[in-house]
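Chemist: Read top to bottom, the protein sequences are chains A and B.
Residues in the first sequence are numbered from 81 upward in steps of one, following the working numbering.
Residues in the second sequence are numbered from 348 upward in steps of one, following the working numbering.
Because the hints were derived from the structure by calculation, they are not lab data.
We treat Cβ as the ideally placed atom computed from N, Cα and C, and that holds for glycine.
Check the hints yourself; a few may be wrong.
[Claimed, not checked] Just some of the chain B residues that point at chain A, by a computed CB distance under 8 angstroms:
1) ASN437
2) VAL439
3) TYR511
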Amino acid sequence: MPPLRPQARFLLRGSGLLIGLLTLWWFALLTPMLWVLESAGGVFGGLLLGGRNGELIHQNPAGDWSFHVPLEMTLAPAAGQPAQQVHSIDFDMPRSDVIAFTFSLPVFWAIALALPGWRQNLRPLVIGTALTAGLELVLLVAFAEVSAHKAAAQLSGVEGAADAWILRFGEYLAVSVLPYAAPFFIALAVNPRLRWQIFQWGADPESSRPVELPERKSLKKGRG
Amino acid sequence: MACYQRELNSAPQIHPIRFAAIFACCFLVGIGVLLTPPLQTADKVFSQMLVRVAHAVVQAFGGHATREAAVLRAPGGFAVEMRDGCNAVNVVILLCSAVLAFPASWKLKLLGIGLGSLIIQAVNVVRFISLFYLGQYSMTWFDFAHAYLWESLIVLDTMVVFWYWVTRVLRAGAASHASA
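Same shape as in the complex, but just chain A:
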């Protein structure tokens, strides 16, 4: 049987690791990761969007998440009602939707480990894990902000086609595109071996090996 090509080996290893690590995530890692995301999201969201720390997200007894996003707006007077000042938007998100913001990590681990060589994969794995976790946090806060603006646009009843498109675009990227694609981009960015294998950018890290140079001999001037 001829040996498999590197692409086929990567696909088989990557698929196996994806199945294994996503199953592990689904059954064992999800709850602790959601707890960390809720705590970190509360602090980070408070810093970015304003409001008190930990006020952005809280979990209700059913396990769903309630968001409290500070947003200043004035609602135009409606039939018999005066203009109203809005200071924040509150909305709920089911737990099944929130878990999408923890899913990039096991996907990144699978891609990072799909190349053979534990020791060479370790540094990219650590750096990529930090980057992926940070990105998940940013996506969660971005999603909260976009959702609050969508709700505000619905409340005010004056939403142009361009505004609606921009909000849809932001939400689509934060929920349906980046959580799935970003782990692959990060894996390529942090792993020079993977970059070399696919693009052949720069020098082959596998062929970089130390070469002993002969010791420099001190030259003595002789008197002739």
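Dock chain B against the given chain A, drawing on the hints supplied.
Modeler: The following block gives chain B in isolation, referenced to the frame of chain A:
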């Protein structure tokens, strides 16, 4: 004293930053255009077409299902609908952006986009059929496979398809260098 000997690469030089910039532009524009109302209508028609293919494959292998627009229904009542985002068009945009950003002849780019899109859509039809049967067995496993497992497997497939294509492009480049 030790220094590192580096093997020089004979492949044509590709600028990573240029590649990343063109890729990001193509990808964002592609996704943006996909979300415009006219393209959304075409997207729905495309989903219905894929469900028609999936239905034909199920019947060809002796399975039982009925089809209505973008919905595939089992005799037991379970039904699965191919919605926006389930037809792998966004993954095809990902592949097209990467192919367009990589320096190659237009002939090779068209080959990469055409053949790559076909492979991705073939995998997507397999995904849809597997979800159709998995949903009849367990909704928990259906949710897991639908939202997470298959999505990431399809992006991995896309990466590997792109990798095969790049290898082909680099070989073609090396061959033209050798013949020159």
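Chemist: Now, for every hint given, state plainly whether the structure supports it.
Modeler: Outcome of the hint check:
1. Given the 8 angstroms rule on beta carbons, the hint for B:ASN437 holds: about 6 angstroms separates it from the nearest Cβ of chain A.
2. A least Cβ separation of about 13 angstroms between B:VAL439 and chain A goes past the 8 angstroms threshold, and the interface hint is therefore violated.
3. Because the closest C-beta pair between B:TYR511 and chain A is about 5 angstroms apart, less than 8 angstroms, the hint holds.
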